[in-house]
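Undergrad: These protein sequence lines map, in sequence, to chains A and B.
Using my numbering, you'd call the opening residue of the first sequence number 1 and step up by one each time.
Using my numbering, you'd call the opening residue of the second sequence number 1 and step up by one each time.
Note that these hints are calculated values from the structure, not bench results.
Warning: the hint list may mix true and false statements.
Unchecked claim - Pairwise CB distance ranges, derived in the manner of DEER restraints: (1) 13(A) with 231(B): 29 to 37 Å; (2) 285(B) with 272(A): 42 to 50 Å; (3) 335(B) with 203(A): 43 to 51 Å; (4) 95(A) with 238(B): 50 to 58 Å; (5) 285(B) with 318(A): 39 to 47 Å; (6) 95(A) with 316(B): 36 to 44 Å; (7) 3(A) with 240(B): 37 to 45 Å; (8) 97(A) with 35(B): 44 to 52 Å.
Computed from a predicted structure; not experimentally measured.
Even for Gly, the Cβ is constructed at its ideal location relative to N, Cα and C.
Chain residues, written in single-letter form:
2 protein chains.
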Amino acid sequence: MAALRLLLAGFGNVGRRFVELLAERDAHPGLAGFDVAIVALTTGGHGAWADPAGLAPARILDQYRVHGRFPQALDTLEAARSLDYDVLVELSPLSIAGRGEPAISFVRAALGRGRHVVSANKGPVAWAERELSALARSNGARFLFEATVMDGAPVFNLRRHCLRGNTITGIEGILNSTTNVVLGAMEQGLGLAAAVARAQALGIAEADPRADLEGWDAAVKLTALANVLMDAGLTPEAVARQGIEALTPEDLAAARAQGRRIKLVCEAVRDGGAVRASVRVRHLELDHPFARVEGAGSVLRIHTDILGRLILAEDGPDLSTTAYGVIADLFALLPDAM
Amino acid sequence: MAALRLLLAGFGNVGRRFVELLAERDAHPGLAGFDVAIVALTTGGHGAWADPAGLAPARILDQYRVHGRFPQALDTLEAARSLDYDVLVELSPLSIAGRGEPAISFVRAALGRGRHVVSANKGPVAWAERELSALARSNGARFLFEATVMDGAPVFNLRRHCLRGNTITGIEGILNSTTNVVLGAMEQGLGLAAAVARAQALGIAEADPRADLEGWDAAVKLTALANVLMDAGLTPEAVARQGIEALTPEDLAAARAQGRRIKLVCEAVRDGGAVRASVRVRHLELDHPFARVEGAGSVLRIHTDILGRLILAEDGPDLSTTAYGVIADLFALLPDAM
Chain A
1 MAALRLLLAG FGNVGRRFVE LLAERDAHPG LAGFDVAIVA LTTGGHGAWA DPAGLAPARI
61 LDQYRVHGRF PQALDTLEAA RSLDYDVLVE LSPLSIAGRG EPAISFVRAA LGRGRHVVSA
121 NKGPVAWAER ELSALARSNG ARFLFEATVM DGAPVFNLRR HCLRGNTITG IEGILNSTTN
181 VVLGAMEQGL GLAAAVARAQ ALGIAEADPR ADLEGWDAAV KLTALANVLM DAGLTPEAVA
241 RQGIEALTPE DLAAARAQGR RIKLVCEAVR DGGAVRASVR VRHLELDHPF ARVEGAGSVL
301 RIHTDILGRL ILAEDGPDLS TTAYGVIADL FALLPDAM
Chain B
1 MAALRLLLAG FGNVGRRFVE LLAERDAHPG LAGFDVAIVA LTTGGHGAWA DPAGLAPARI
61 LDQYRVHGRF PQALDTLEAA RSLDYDVLVE LSPLSIAGRG EPAISFVRAA LGRGRHVVSA
121 NKGPVAWAER ELSALARSNG ARFLFEATVM DGAPVFNLRR HCLRGNTITG IEGILNSTTN
181 VVLGAMEQGL GLAAAVARAQ ALGIAEADPR ADLEGWDAAV KLTALANVLM DAGLTPEAVA
241 RQGIEALTPE DLAAARAQGR RIKLVCEAVR DGGAVRASVR VRHLELDHPF ARVEGAGSVL
301 RIHTDILGRL ILAEDGPDLS TTAYGVIADL FALLPDAM
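One chain only, chain A, in its complex shape (with noise of 0.2 Å):
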């Protein structure tokens, strides 16, 4: 059996493509030591699919193509609850009117069963990430979440491992994608609604744009940051929250005309023993580092106190780069893969 038994809580665009990955795992040869084996997969309205001696990622693939969802009905809270794994592989959408439900109860039974969980989605990073870090500690297990911010670019990870010793006083970033990628539509002369249109047929906004729009995805994002990387205890709410919604592409012509791009720019500072944390449309000169950041791309800057200014970017990330940040984690749990 394999190293890893996973139980994947979700098959949309990033389930599906971390599967992919798996199907295509020859092709990488980095994933040779990656001993992972799917033991059930649970999804919202597709249906389930459980079997403990693993589901080969090529019949995952081949089922779904073929009849569009899966053959068991399985709820996610149940069978994180009953169902024999290692991981839970926390892959539902986020719901920001459930502040974080139900995939917090989901990693919430994993975790309190000593079972480890991975998760893409950032509800029970934003929500409830000290509750559900304490839980883990307690019960032996491990709560990683690499692929909820900047996709799969190495964010906790970069904490973890390669700031040891530097005590961060601030972040800023452009950390939403559709955001960007509207903002660059309507610099073309879209206005926003045909802007939000074409960000859709890109794949890259949602049915419902609202949360990007918002800034809620935004905020959402850089709570989670914040909590992990400067122990601000912060809740989404927290966020002083600007959307771009009341943007024209007017505005945005002004803007270049001097000299200046508007973003969607997240920040959170030390102020004294708190942390203030905003989502807010800014006008950048254009040698500012975040004022060339095209498309899906994402770009954090951090401050330290030793170190000093790091950025770090991803430039044309894809579903594979957010596909990562699960396989990152999951490398981290297995025993000796390289």
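Please arrange chain B on chain A, whose structure you already have, making use of the hints.
TA: Same frame as chain A, now just chain B:
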């Protein structure tokens, strides 16, 4: 006694800043568990100092400020071979003419005795990394060198901890500060000599700037990166190398008139079984991610097969940034510092 007893070889800018950070330890909460002591210090021409009970950082700084040298005579190689210490911190100057010597011999002496080595000198990495890493392994020691490329920005630690499962297919970057500062001054109309003089006045260019201007420093850094990140097996002589000596302010103005900036760009790409590496003068469009790297900043773009393209940049590094590279490596040698 401290958890790690250090032999410091070299007391130039980086060595001094490292000792200053130790003296200011209380101002940096993240250094609370950084339990190191300096038991010996050697220099090329400014004497040496050894005390098995440990030399207080403030005492070292006072001695150097008042006397400009240290009170004892002790050769670095002799110290590496005979003193009792846990880690050789190799901070002596790079010698291109010596192809990494005499630092390689210092490192070999320490590793051969099973002592760890933390090197800020890139010579031993560029010319002898395979031999020295093998020697470290066979003696139960570690050979670490985070400070050698991009100051203390985490490039080698990123590779080690944050990219597992990926194959690195190429790297590109601006890795030499001096040429970047000189090119910036030439864009403002200065000739090469005046631009170099300005960089020297800023403390960035060395008294003899040829190794930077001719692209050797960049080639040495690229070799270190390519060997460790891509297992390239190169030496700096194998890098197709171009410098900036022949450029004029008119060249930079002409590029600017075409909407481009001239930068000295390092690149290594996999080509069949081998890795091809080059340091070249390139005319970059203004929206190229390297075009906006200013002053002493540096940038690295890493191409991978799964994660995609990741960019790491330093924004306004100073001596603390480089000294941090040494601190990061020492943290990796401390038992459970965090």
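Undergrad: Indicate, hint by hint, whether the structure satisfies it.
TA: Against the structure, the hints come out as follows:
Distance hint for residue 13(A) and residue 231(B): a CB-CB separation of about 33 Å, consistent with the stated range 29 to 37 Å. Between residue 285(B) and residue 272(A) the beta carbon distance is about 44 Å. The supplied range of 42 to 50 Å therefore holds. One distance hint, 43 to 51 Å for the beta-carbon pair residue 335(B) and residue 203(A), holds here, with the actual separation near 48 Å. Between residue 95(A) and residue 238(B) the Cβ separation comes to about 55 Å, which falls inside the hinted range of 50 to 58 Å.
Hint check: residue 285(B) to residue 318(A), Cβ distance near 23 Å, so the stated range 39 to 47 Å is violated. At about 40 Å, the CB distance of residue 95(A) to residue 316(B) agrees with the hint of 36 to 44 Å. For residue 3(A) paired with residue 240(B), a C-beta distance near 43 Å keeps the hint of 37 to 45 Å intact. Roughly 49 Å separates the CB atoms of residue 97(A) and residue 35(B), a value that falls within the hinted 44 to 52 Å.
Hint 5 alone, counting from the list given before, is not met by this structure.
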